[in-house]
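These protein sequence lines map, in sequence, to chains A and B.
Everything in the first sequence is counted per this note's numbering, starting at 24 for the first residue and increasing by one.
Everything in the second sequence is counted per this note's numbering, starting at 55 for the first residue and increasing by one.
For the record, the hints were derived by calculation from the structure and aren't laboratory data.
Just to be clear, a hint being listed does not mean it is correct.
[To be verified] With beta-carbon atoms standing in for the labels, derived distance ranges:
hint : chain 1 : residue 1 : chain 2 : residue 2 : range
1    : B       : G436      : A       : Q255      : 34 to 42 Å
2    : A       : T499      : B       : L735      : 29 to 37 Å
3    : B       : E805      : A       : Q255      : 45 to 53 Å
4    : A       : Q255      : B       : N899      : 24 to 32 Å
5    : B       : A930      : A       : T439      : 54 to 62 Å
6    : B       : D362      : A       : T439      : 21 to 29 Å
This one's a predicted model, so the numbers in the text were calculated from it and none came from an experiment.
Glycine included, C-beta positions come from ideal geometry on N, C-alpha and C.
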Amino acid sequence: MIMENRPELSPSEIAQLTRRDFLATSTTGLGTLAFASMLEQNGLLAADAQRSDPLVPRPPHFAAKAKNCILIYFEGAPSHIDLFDPKPKLNELNGQKLPDSMLEKVRFAFIKKEGVRLMGSPRKFQKHGQCGMELSDLLPHLGSVADDLCLIRSMHTDQFNHHPGQLMMNCGVPLFGRPTMGSWLNYALGSESKNLPGYVVLTAGRGSSAGASAWTSGFLPSNYAGVLFRNQGDPVLNLGNPAGITPAMQHLGIDAIGDLNRLRHQYVADPEIAARIGAYELAGRMQTAAPELMDLSKESQATLDAYGLNRKEPNLKAERGGGAGQYRNFARSCLHARRMVERGVRFVTVLHASWDHHSNLNNELTYNTGMADQPIAALIKDLKQRGLLDSTLVVWASEFGRTPLGENRGGSTNVTGRDHHPFAFSMWMAGGGVKGGQVYGATDEIGWNITKDPVHVNDLHATILHQFGLNHEKLTYRFQGRDFRLTDVAGKVIPKLIA
Amino acid sequence: MNQPLTFTLAAAGLLLALPARAAVDFARDIQPIFAKHCYSCHGPEKQKSGLRLDIKAAAFAGGDAGKSIVLGKSAESRLVKFVSGADKENVMPPKGERLGATQVALIKEWIDAGAVWPDSASASGATKSAHWSFQPIQRPIVPQIKNSKATVRNPIDAFVLARLEKEKLAHAPEGDRYTLIRRLSLDLTGLPPRPEEVAEFVNDSRADAYERLADRLLASPHFGERWGRHWLDIARYADSDGYEKDRTRPFAFIYRDWVINAINRDLPFDQFSIEQLAGDLLPDATHEQRIATGLHRQTLTNTEGGVDQEEFRCKATVDRVNTTATAWLGLTMGCTECHSHKYDPLTQREYYQFFAFFNNASEKNLPSPQAAESASYNKLKGAWEAEQSKLKSAFDGYVKNELPRKQAEWEKQAQPSARWTVLEPKKAAASNGAELKTQSDKSILVGGPNPATATYTIEATTDLKTITGFRLETLVGDSTNKNVGRTKNGNFVLSEFSVKIAGADGERTVALRDAVADFHQERSGKGYPAAAAIDGDLKTGWAVIPQTNRAHTIIFHIREPLTLSAGERLTITIDQQHGTEHTLAHFRIAATSEAGPLRPDTIPALIAEVLRTPTAQRKPEQTQTLVKYFRESGDTDAAKLQTQLDEHAKKQPKPPETFAATISEEPKARETRIHIRGNFLTKGDTAQPGTPAVLHPFKPRNARADRLDLARWLFEPANPLTARVAVNHVWKTLFGRGLVLTVDDFGMRGEKPSHAELLDWLASTFAAPADALAKMPGAQPNLGWSRKALIKLIVTSATYRQESRAHPELAQRDPNNVLLARQNRLRLEAEAVRDSYLTASGLLNPAIGGPSIRPALPADIAALGYANSVKWTESAGNEKYRRGLYIFFQRTVPYPMLMTFDSPDSNALCARRERSNTPLQALTLLNDSSFFECAQTLGKIAHTENSGTLEEKLKRIFQRCLARSPMPSELARLKQLYAAQLQLAQANPEAAAKICGTDKKDQPGLAEQATLIALSRVLLNLDEFITRE
């Protein structure tokens, strides 16, 4: 997409020229009559295009509070007891056994029940904001926006392996072939963006368990699938022209494709052609809009610093984090997310893997939160300052939490991590009409079970849809004889989460 | 919680009053209660929770949760618990009038008395449903068409036209020959026709030119690729496991090859199906028939750490059930995994009866070397064996001719070392569960659980009066105990070795010094030397990698020679605290009185004993032992020859590891139990293999029904579903829309057929056996489940041959073209899009079958796989120009182009692909390097073919892409484009050179070539190019 330094006509000039020539020429055997009818056809085309555009904006079921969503998804399961849910009693009980009655019916991924011991957390928790929300010392920046956070300490899920758990959190059921939340929202509401996809995925860090199933449209048409934006090369796969094809040539080409498709439409009257013409035009616009979106040169130095684009990465032994450059990549993803929301992208997923800290938890978690804390807080402040936070729901999520027990995989006595824990974990939301500055739900003294206000994944989804003006029981898609929902057969909106 | 008690008292009181009455009579006392309170939910219309109370057998079988009526035991009967209100969670009936205490008491009495239910009191019998798809397939009479001008090429047209006539509509005209050959080529082979094929067909004036074309395409080996791919959608075929680890399945293609071949040889659909579902159970099953069962090995495999394997075995089994039910029966049986079907007459119990067929499947990998692999293996093996016998004879010659002399020399100077006395173990104990057993040779063998760490404590006595040192031998034994240590790699770490002496005077610790071992493990840093076993530090120790498969010796000197008093016992402690099972497997402890320094004896005790014995007095077996020892350990030349033999043995070529993933039957039947609410841990009633009651009867061959019975049941003439579902799949593929729109749902929630009689006519024509067909009036030739014959029948109909243009009036009346007053325009599937590009540009490598290929993929896309585990190495040479169906399908990182064009994700059956229309598709076709390469190739061909005017050149490219000539308006637009592009290319020679893929920008004609490439790119991006018209 780099304009070559050549004295040539601008794309629009070329397009104008050729089009005018084309329309005016009658010596080439093409009568003006054909064009007249072709122009007439344009009205028909527009109607066809409108009818067949699956992303045309649609109204919600009732007045919405949120218009856009930024889902920050940490694959691997961050430890709730080291980040969000302080457990002084757990520290007291460090090294002690759990009563057999608690272990009896539990299945673990790796823990051997024999000899397993509770593991306290070395983290210090502090109160933040007017609300006095307690957060780990690993999250100082998030603390500065505590009054905007709606922290849920009572999440629970049905799955304790990563990929099924991630499907559950993204699709509402631990099964393949179902659409993700972003697909559901685009299917329900269409896209406000004329130049960009309605559902964008940004990744930082190493590959994730769920792979492409974290942004699939499942049984919904692929128009609703997440579009992966890349960290290297073209921001979208195949966005750049092949070598040598200049923007002017590209413009000429797309124009000719459009005209020839119009001629065909005139002959076969298939609305799909109108949609195809529209798709090519949007593709052409994306070629300009996406690089513009990804270009941060117009952002102020203050903004770049606030997001921490140029921070130094700590020298920690943290092999899971994803290697050099992750701090910058993640900060950029957060900033890009804001820019996308500004441009009407309905749903942005910021993915980072991996938080699966079976061992070396202290170093790994310090490394990862060091990466995540500042940019996320900056994103919330930035959205707020621009007046976008009210209509943008920011969500921190993962598939489950981690055990208060130390992990003794293989009977090892060298315990430095925690195993998977689906019975209770923490997450938060901000903006989008949720009630900030509150902690919802609670767990027992060691963070094992929920003691107050449990929130199932389906409840979370029901509540999120509600913020978008959607009744989760009415947002359905008929597939194989059944009306499917994001919330499957369960889920209830939790009013206390809502402002 | 008080309520049940109160209730019981009340009931008891009532019961007291009952004896005066006659015994409970089902028809008089019970059935009316059921009819009034229960039938509306548990009767002929609905069977909520799978329970039905109007039929004796069904009522006694119970519902999803298990038995409702336990004969003779009212207290255990759910029915009583629920209607009495004893179970607050489940009060029946949930709405409407509840049962009175008298009625409850009657039911209890009836059950306690054995629940007598006379057969005469049963309702109608089997479950009947009025739903259309469960009715037997009727052979409809082919209708007469009034319009004499209408073309009726075969009965399909009569059915379609009859319907159109009702609506006062007619067929559209037949498509022109250009359209027809392109349509037929794409539909039957997935490839567009080449210009010469188009010319031949267009100029073929024979009356049956079209039929000949159809025959040619049906006979093409590419037919199997095209229709095989349709089947692979249903089979959820992929080249990797799925889930987080998503490991590759390098031999998955063997099943794909089977599908392609089976379709090419037109294996009849019944046989095609039976072999895939139960090929392993067929009498004298062939290797190929076993490969066919690979269908149900396409299920996902989760090797993520810490998964419960049984959970995912159940998930795979569930997938097999759901796939089978949807693929052949068009039923959404998956809905009944957790509860009875909400709409269709299918219960959860029936689900697990179906599940039972597949629950007994075991996954078996069958060695399946491909022909070329076997040939190259045999060649390598021959060469290896020749070398082997050469080395062997050299070795044997040496042993025979040289070794005896050398042994005699060696014996003269061999010095047996100190005499060791093996200690007499009296007690041997281990911590953390390991079990120590003293052997007859006084060694101690370790068994039982394999803990991470362990301490062995041995109490022993000895006849020695003084002791100067101890020896620990770590031993290897037979095949069960090949290594000295118990960890996976055979190692151990001896953290500390210590000795105490206990006697009448109390206990004293023996001070050890100078540990020496015959071998120790080297490692950067300190390693694992012998001295570490007596350094008082539990974190260090003695270990022996890589020599874990041979015996070793460690010697401990004693500071002051030790004098033992009578009755004193030695307690030896062997501490092994390294963790991860680094513990000894077999050992023996000895002591000596001889003066030091002691050496770790490299000559084993047994050999030392022989050497001490004068030659003449040795027993024959002693002599043999010595010869063997000298050959193996004493003589360097023999050892060298032996090493050569050993090294060569390692090079023995491995037989090809290619295996076919197949299904076979577990020899011991697994018990199937209902999974309550679909949870595999919550087991309900047992379920025997069986089929849904709403369908035709199931007659297994033996008492225990198996998959073969099920597969054959699917193809019984009485089955109302399989043939309808199968012809509908084919119809959908050829018209873009099934006669039943919901190809995967023939149940109540599915769409009704648009042409019910046509569907049945096709189904009965496709399926009926020869004798039944022959009796039918106006019978068609028997298709005998021939896929090719069915396809030929459809594609030769006038209905199929119509043009696909829509007319405004028609578009208003029938926007979805349900009535078939024209053909449909269909965007090509992902693979056909790719194949069309490769064909038009001439790049296509048409090879059929074999391993999957990997076209270019940006590295960051491959890196999206879990922990960068996906390795994507671009295929070499023209392999990357193979057809789309051969692209390696990595489930977590599917090839982007395929997904962009709606390929299924292969995680579950896909009976109907979406045909979306997105900007990403536009970007892919415009800019993807593979597709641009096609444009480059096509443009270069046009440029090189020097003959002709520009117009002729443009026409030729156009024909190559679209199989027709351009209309004047199109040609005019192309000329315009050519002129404008040429202008840009001439103004920018560097860009022109890049477009042509060269860095020599001064070549003549580069601008023209670049322009033809740009033009080709436009043609390859037209809607028409990726559409079958």
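**Asked** Which of the numbered hints are not met once you compare them with the structure shown?
**Response** Numbers 1, 5, in rising order.
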